[in-house]
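**Student:** Dock chain B against the given chain A, drawing on the hints supplied.
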Amino acid sequence: SQQGEEDPQALSIQEGENATMNCSYKTSINNLQWYRQNSGRGLVHLILIRSNEREKHSGRLRVTLDTSKKSSSLLITASRAADTASYFCATDASLIQGAQKLVFGQGTRLTINP
Amino acid sequence: ETGVTQTPRHLVMGMTNKKSLKCEQHLGHNAMYWYKQSAKKPLELMFVYNFKEQTENNSVPSRFSPECPNSSHLFLHLHTLQPEDSALYLCASSQGSVGDLLAKNIQYFGAGTRLSVL
Numbered sequence: 445s446q447q448g449e450e451d452p453q454a455l456s457i458q459e460g461e462n463a464t465m466n467c468s469y470k471t472s473i474n475n476l477q478w479y480r481q482n483s484g485r486g487l488v489h490l491i492l493i494r495s496n497e498r499e500k501h502s503g504r505l506r507v508t509l510d511t512s513k514k515s516s517s518l519l520i521t522a523s524r525a526a527d528t529a530s531y532f533c534a535t536d537a538s539l540i541q542g543a544q545k546l547v548f549g550q551g552t553r554l555t556i557n558p
Numbered sequence: 198e199t200g201v202t203q204t205p206r207h208l209v210m211g212m213t214n215k216k217s218l219k220c221e222q223h224l225g226h227n228a229m230y231w232y233k234q235s236a237k238k239p240l241e242l243m244f245v246y247n248f249k250e251q252t253e254n255n256s257v258p259s260r261f262s263p264e265c266p267n268s269s270h271l272f273l274h275l276h277t278l279q280p281e282d283s284a285l286y287l288c289a290s291s292q293g294s295v296g297d298l299l300a301k302n303i304q305y306f307g308a309g310t311r312l313s314v315l
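The listed protein sequences correspond, in order, to chains A and B. Residue numbers for the first sequence follow this note's numbering, so the first one is 445 and each next one is one higher. Residue numbers for the second sequence follow this note's numbering, so the first one is 198 and each next one is one higher.
This is chain B alone, in the form it adopts within the complex:
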């Protein structure tokens, strides 16, 4: 148990569906991240939030829409996805601006949501 919980663990959706991925961290961190992990590709950073403010959008298509209502919760809203969007979506958190320099570097990951787009 890393203190970062993602739901659902598995999701199958059609290309016309709308769904949301949820991430919750119980570590008191201020920074949260969404990553995409596809087969045989490096982990891709999608979005970064620090103190609820989006600080990075790594050229992610608009069919992915993040939301961070507070420092403990992060959502990824999905709509009109493509089959190539099928992947493991990982959420992570870190101390952000608070904490010593090294602690800020360490990220804590959830178990991920395995997404299949049909």
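In isolation and in its complexed conformation, chain A is listed as follows:
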């Protein structure tokens, strides 16, 4: 079954505004990651937060994790046109003989309008 589900599915904001995306998951995790995907390209890792962390920052990105609610949020501050992309959360499903299996959500399509 799908582990991560992002909300909203699509978000359109003006440049300079903040964008918040949410992710919910179903089972216990060791960590949660956020990835970005530009149209028709591969995914790029943005940030990883461990299950014992509540908040993490990286530049204009802020990620929160609430394990009691099984949810995470990604905040992008002072958005730019270049932030236009799809954003996915990924949870660690299982370790397969050393290779980490990740389960991705359906993603949030973010559009930054100039």
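Keep in mind that the hints were calculated from the coordinates and are not lab data. There could be a bad hint or two in this list.
Claimed, not checked - List time: in silico BS3-like cross-link candidates among lysine-lysine, alpha-carbon distance up to 27 Å:
{"no.": "1", "chain 1": "B", "residue 1": "K237", "chain 2": "A", "residue 2": "K470"}
{"no.": "2", "chain 1": "B", "residue 1": "K233", "chain 2": "A", "residue 2": "K470"}
{"no.": "3", "chain 1": "A", "residue 1": "K545", "chain 2": "A", "residue 2": "K514"}
{"no.": "4", "chain 1": "B", "residue 1": "K238", "chain 2": "A", "residue 2": "K545"}
{"no.": "5", "chain 1": "B", "residue 1": "K238", "chain 2": "A", "residue 2": "K513"}
All values reported here derive from a predicted model rather than from experimental measurement.
**Tutor:** For chain B alone, coordinates are given in the frame of chain A:
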């Protein structure tokens, strides 16, 4: 540039054709993955290789055949595909068993092969 290169970037094939997708990583990783990304569906894990050994086959039809000759190269051989197989096929790599616990979790993706089956 993520260090993971996929070729070709685009592929159009008929249902009776045989083609192969190639993935090469220059990151010194030991684990490699194939994913399928279809419109409006979550990323689907297809195959996992760790140190050249296949460790996961996620109930993928036999018309998809993976090959991993070494830790740097991964192929996906395609034959007698169906139109519903049209999708973006993504390759990824990670450190696998080597490296710290968090580094093992991070996957590096190629730009993908956009496949259209006619």
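**Student:** Confirm or reject each hint.
**Tutor:** Verification of the supplied hints:
1. K237(B) to K470(A): Distance of about 20 Å is within 27 Å: holds.
2. K233(B) to K470(A): It holds: about 22 Å lies between the C-alpha atoms, which stays within 27 Å.
3. K545(A) to K514(A): 19 Å, holds
4. K238(B) to K545(A): Roughly 18 Å separates the two Cα atoms, so the pair holds.
5. K238(B) to K513(A): 24 Å, holds
Violated hints for the displayed structure: none, as all numbered hints are satisfied.
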